[in-house]
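Q: If you want the building blocks of each chain, they are given just below.
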Amino acid sequence: MKNPYLPLPMRLVKNFVETEDKLIHTFTLEFLNEEDEKSFQYLPGQFAEVSVFGVGEAPFGIASSPTEPGHLKFSVAKVGVVTTTLHQLPEGTILGVRGPLGNNYPIEEFKGKNLVVIGGGFAFTTLRSLITYILHPDHRGDYGELTVIYGARNPGLLLYKDELAEWEKRSDINLVCTIDRPVEGWSGRVGFVPAVTKEVAPSAENAYAVICGPPVMIKFTMPVLEELGFPSERIIMSLENRMKCGIGMCGRCNVGNKYVCKDGPVFTRAQLNQLPNEY
Amino acid sequence: MLVNKGQFTDWLNQLIQVYQVYAPVKEDDYFCFKKINSGDQATLNYTNSKVPPKEVLFPRSEKLFCYRCENDGVQLTEQIDESKKIIVGLRPCDAKSFLLLDGVFNSDKYHDPYYLIRRNNTVLVGLGCNQPAATCFCTSLGGGPFATEGLDLLLVDIGDRYVVEVLTDRGRELLSGMELPAANQEAQEAARIVKEGAALSTQVNLEGLKSKLDVIFYDPIWDLIHEKCLGCAACTYTCPTCHCFDIVDEAEGNEGCRIRNWDACMFPLFTLHGSGHNPRPTGKERFRQRVMHKFKYFVDNFNAIACVGCGRCIINCPVNLDIREVLAEIQGSEVRSDKQ
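Here the protein sequences line up with chains H and V, keeping their order. Going by the working numbering, the first residue of the first sequence is number 1, and it counts up by one from there. Going by the working numbering, the first residue of the second sequence is number 1, and it counts up by one from there.
Hints listed in this document are in silico derivations from the structure and should not be mistaken for laboratory results. Glycine residues also receive a C-beta, built at the ideal position from the N, C-alpha and C atoms. It cannot be assumed that every hint is accurate.
Here are the in silico distance ranges between beta carbons for each label pair [as the list claims (entries may be wrong)]: (1) V/77 with H/41: 55 to 63 Å; (2) H/180 with V/272: 21 to 29 Å; (3) V/255 with H/80: 52 to 60 Å; (4) H/195 with V/281: 27 to 35 Å.
Derived DSBU-like pairs (lysine-lysine); straight-line CA-CA distance at most 30 Å [as the list claims (entries may be wrong)]: (5) H/78 with H/111; (6) V/50 with H/2; (7) H/113 with H/2; (8) V/195 with V/228; (9) V/26 with V/85; (10) V/63 with H/2; (11) H/2 with V/35; (12) V/109 with H/38; (13) H/22 with H/111; (14) V/195 with V/109; (15) H/219 with V/284; (16) V/84 with H/2; (17) H/38 with V/63; (18) H/2 with V/85; (19) V/5 with V/109; (20) H/111 with V/109; (21) H/78 with V/195.
Put together the whole structure using the sequences plus the hints.
A: Here it is as structure tokens:
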């Protein structure tokens, strides 16, 4: 019987300060055992439980894409005991990873469709995984137009700045970055994500919208997506509830009869409409 | 089969040589299931244990694995308990609770080896309830004082002897070597009288409850119904079907263990996000969760109510909040449109 509680050993090879306020770091982890790497088959949208031995474990969305073999990336905000310890760890530390856990973005359903990816703040992690996956030469041809709307309070808080700059140069992705208030030297858009989404007005024709961000951003972006004509079956969201086991047993992350860790974290808006508003 | 009580103690002594035997043991003024070292420690003259025998298969606190961190890796040692066990004297309601927990720990996708291996290695010897407590309502949940579901053997106390009902091959195997006489007509008659006399004082009407709970999530009834609840979680800690847990590390230096402990949806930190947002911020949401989980969500997922009517949540509640009354209030409430 496979023990789902045993983490796979991984080495922290990079502890990168992602944001200007230093509150978000991106961790790059490499598998210690080749067979573990082979068995860890994941897709964008999934998450993993990361162990800091002696401190505990916590669930994080996987920021890397399966098209980037050999390592996993997690962008983690410093909010609790595990994450604070993680932020201070030197490169080379041995960590544990359990997963992949949860379901993934419906990339098969997305095939042949246009995609509108909307992210806010540091919830951009699993969206990075999705975008990287789609932009990979093996997959790009399977999908239509890709529009990404990504907002942060200020330019220093945007994640993955080098990649954003690279995506900006590409013709097969329409990247719109926005910040809340004007800042000297910022030539991109200014405004909150819902307003910018309205301005950009991506067509809902043959398209899916994938949205991940703080609840307030989602709350005000939803009516915009509805106005644009996105049906609730084609609005994809990712929930984040408190979790421990990650496998639907410890009983804390349920929303109605669904467990975010096992039945989610990815749900359509139509599915969430059937569940109580307890997340 | 028929066994007299003195012979039964000898039998337990024999079993202790081979199995870890758990039985009701008196501690202060209550009973709990403990591993016994001799047959006479078992006290089968009891109504029900304070904490259910669930803790034999799913301990309050258990090591999942231990680890030792080294420069170039980490050594993990699983702490799986593969010992052969017997639980003697558990009540039919508690036996049924294991059938419900099986679904949780053996899902379509994940299997919990800690629970499942113990479960597979444990024989269940039940004891029928001659005198159910005033708080018992097992019959409303499809059980009964002498229900056999989930048991390998059932003992019926007829005074100086037990009538032993053999329910599974595993139960039969346990008795091999005991050479017990078949229950004669007089013993069978005594057992029948005991069974008939075991009347429950309360019934809970569950008809239509699920369809009401399906539409009651946002109903104002929850504003009132939870008010007495202190959020102490005595109900969940003593419930045979509650299975929520926490996972923590306990370490010193470069070695330690990962441990799981019982946890409860009645506590405010249970669902508190790292961001500070809490989807169940007050006692109302937490109380609603407990009722909905047992009587709606579990039914949606496993087609069974996650309550066996043992009554422990009623006995142990410090403010006398009675789940039977809560269900009756929900039953009697007007169905309103379930809009937020």
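Q: All the hints need checking, so say for each whether the structure fits it.
A: Structure-based check of all given hints:
1. Range check, residue 77 of chain V to residue 41 of chain H: Cβ separation about 27 Å, and the 55 to 63 Å hint is violated.
2. Judged by the Cβ atoms, the range 21 to 29 Å given for residue 180 of chain H and residue 272 of chain V holds: they are separated by roughly 27 Å.
3. Remark: the range hint 52 to 60 Å for residue 255 of chain V to residue 80 of chain H is contradicted by a beta-carbon distance near 23 Å.
4. A hinted range of 27 to 35 Å holds for the C-beta pair residue 195 of chain H and residue 281 of chain V, which are about 30 Å apart.
5. Taking the CA atoms of residue 78 of chain H and residue 111 of chain H, the gap is about 36 Å. The hint is violated against a cut of 30 Å.
6. Restraint check for residue 50 of chain V and residue 2 of chain H: the C-alpha separation of about 34 Å exceeds 30 Å, so the hint is violated.
7. With a CA separation close to 38 Å, the supplied pair residue 113 of chain H and residue 2 of chain H exceeds the 30 Å bound.
8. The hinted pair formed by residue 195 of chain V and residue 228 of chain V fails the criterion: a straight-line CA distance of about 37 Å is larger than 30 Å.
9. Using a Cα cut-off of 30 Å, the hinted pair residue 26 of chain V and residue 85 of chain V holds, with the two alpha carbons roughly 20 Å apart.
10. Distance restraint check for residue 63 of chain V and residue 2 of chain H: the Cα-Cα separation of roughly 17 Å lies within the 30 Å cut-off, and the hinted pair is therefore satisfied.
11. Of the pairs offered as hints, the one joining residue 2 of chain H and residue 35 of chain V holds, with about 28 Å between alpha carbons and a cut-off of 30 Å not exceeded.
12. Between the alpha carbons of residue 109 of chain V and residue 38 of chain H the distance comes to roughly 19 Å, so the proposed pair stays at or under 30 Å and holds.
13. The suggested pairing of residue 22 of chain H with residue 111 of chain H is violated, with an alpha-carbon distance near 37 Å, which exceeds 30 Å.
14. At roughly 41 Å between alpha-carbon atoms, residue 195 of chain V and residue 109 of chain V are farther apart than 30 Å, so this suggested pair is violated.
15. Taking the CA atoms of residue 219 of chain H and residue 284 of chain V, the gap is about 24 Å. The hint holds against a cut of 30 Å.
16. Of the pairs offered as hints, the one joining residue 84 of chain V and residue 2 of chain H holds, with about 21 Å between alpha carbons and a cut-off of 30 Å not exceeded.
17. Distance restraint check for residue 38 of chain H and residue 63 of chain V: the Cα-Cα separation of roughly 28 Å lies within the 30 Å cut-off, and the hinted pair is therefore satisfied.
18. Distance check on the hinted pair: residue 2 of chain H and residue 85 of chain V sit about 22 Å apart at the alpha-carbon level, within 30 Å; holds.
19. A hinted pair counts as satisfied when its Cα atoms are at most 30 Å apart, and residue 5 of chain V with residue 109 of chain V does not qualify at roughly 45 Å.
20. Taking the CA atoms of residue 111 of chain H and residue 109 of chain V, the gap is about 27 Å. The hint holds against a cut of 30 Å.
21. Between residue 78 of chain H and residue 195 of chain V, the direct Cα distance comes to roughly 61 Å. Violation of the 30 Å bound is thereby established for this hinted pair.
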